[in-house]
Each structure stands twice: as structure tokens, then as C-alpha cells.
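Trainee: Sequence:
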Amino acid sequence: IELLNSNDATIYSADWRAEKIRESRKGLSENQEKEQKVAAAKAHLKALEQQIAEQELAEKPQQDQSKQKQQTSESVANAAEKESSPVPSDFDPFDLDEDWGDDESDGFETPP
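FYI, this note's numbering numbers position 38 of the sequence shown as 38, with every residue one higher than the one before it.
Hints were generated in silico from the structure; no laboratory data involved.
Keep in mind that a hint or two might mislead.
Below, simulated DSS-like cross-link-like pairs (lysine-lysine); rule was C-alpha separation at most 30 Å, straight line [what the hints assert, rightly or not]:
| no. | residue 1 | residue 2 |
| --- | --- | --- |
| 1 | Lys37 | Lys26 |
| 2 | Lys34 | Lys20 |
| 3 | Lys42 | Lys26 |
| 4 | Lys46 | Lys20 |
| 5 | Lys60 | Lys42 |
| 6 | Lys34 | Lys46 |
| 7 | Lys60 | Lys46 |
Full structure from sequences and hints, please.
Mentor: What follows is the structure, given as C-alpha cells:
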């Protein structure tokens, strides 16, 4: 009986060790999978950053052209506003006779 108990204990001990080895291997493989996923995610992130940088580089000339067109159109609009002023450049607000063009009249009509 003692021999049987000894064999059972040895078998139990061997099973326990085997289970611990399997668990540690499983843990290692899970860690390796996680490391691979992290590496893949980092590579994907780097590729996305590269793609964004390339797009920004390609869009920059278009943005510069848009800014130039906008500045040109604004300067043309400002020039047109300056040219078409409703008040003549020689307008004198204190000289009513000259501005109204009638030297004899004071600028007001008198009823008959």
C-alpha cells in the first residue's frame, strides 16, 4: 500500500508539474500574441501617420493657390470699392453753392 501511495503521489506531482508547464507556456504564447498585436498596431499607426503627412504635403500647394486667389479677389473688390465711391473726390461739405451748381440759389427751392 505504501508503494501505491508513493506512485500515486509521484503521478499527482508529475501531473501538477505538467499542468504548471502548460499554463506557463500558455501565458508565454498569450504574451507573444499581445506583443505581435502591439507591433502590428504600431506599424499600422506609423503607416497612417505617413499617409497623413503625404496628403498634407499634396494639399499644401492647393491651399496656397486658394489663399492667393482669395487675396487677389479681395484686393480687386477693395479696388472696385475705392473706384466707385458715391461721393466725388472734390466734394466740399462746406461749399453748398459749388456742390449744387447754382450760384444764385442757396440750394433750397422756394414755393411760388
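Trainee: Determine for every hint whether it applies to the structure shown.
Mentor: Structure-based check of all given hints:
1. With a CA separation close to 16 Å, the supplied pair Lys37 and Lys26 stays within the 30 Å bound.
2. Taking the CA atoms of Lys34 and Lys20, the gap is near 21 Å; set against the 30 Å cutoff, the hint holds.
3. Distance hint between Lys42 and Lys26 is fulfilled; the C-alpha atoms sit about 24 Å from each other, no more than 30 Å.
4. About 39 Å separates the Cα atoms of Lys46 and Lys20, which puts this hinted pair outside 30 Å; it is violated.
5. Between the alpha carbons of Lys60 and Lys42 the distance comes to roughly 27 Å, so the proposed pair stays at or under 30 Å and holds.
6. Between Lys34 and Lys46, the direct Cα distance comes to roughly 18 Å. Compliance with the 30 Å bound is thereby established for this hinted pair.
7. A threshold of 30 Å between alpha carbons decides the hint, and for Lys60 with Lys46 the separation of about 21 Å falls inside it, so the pair holds.
In the structure shown, a violation is registered for the earlier hint numbered 4 alone.
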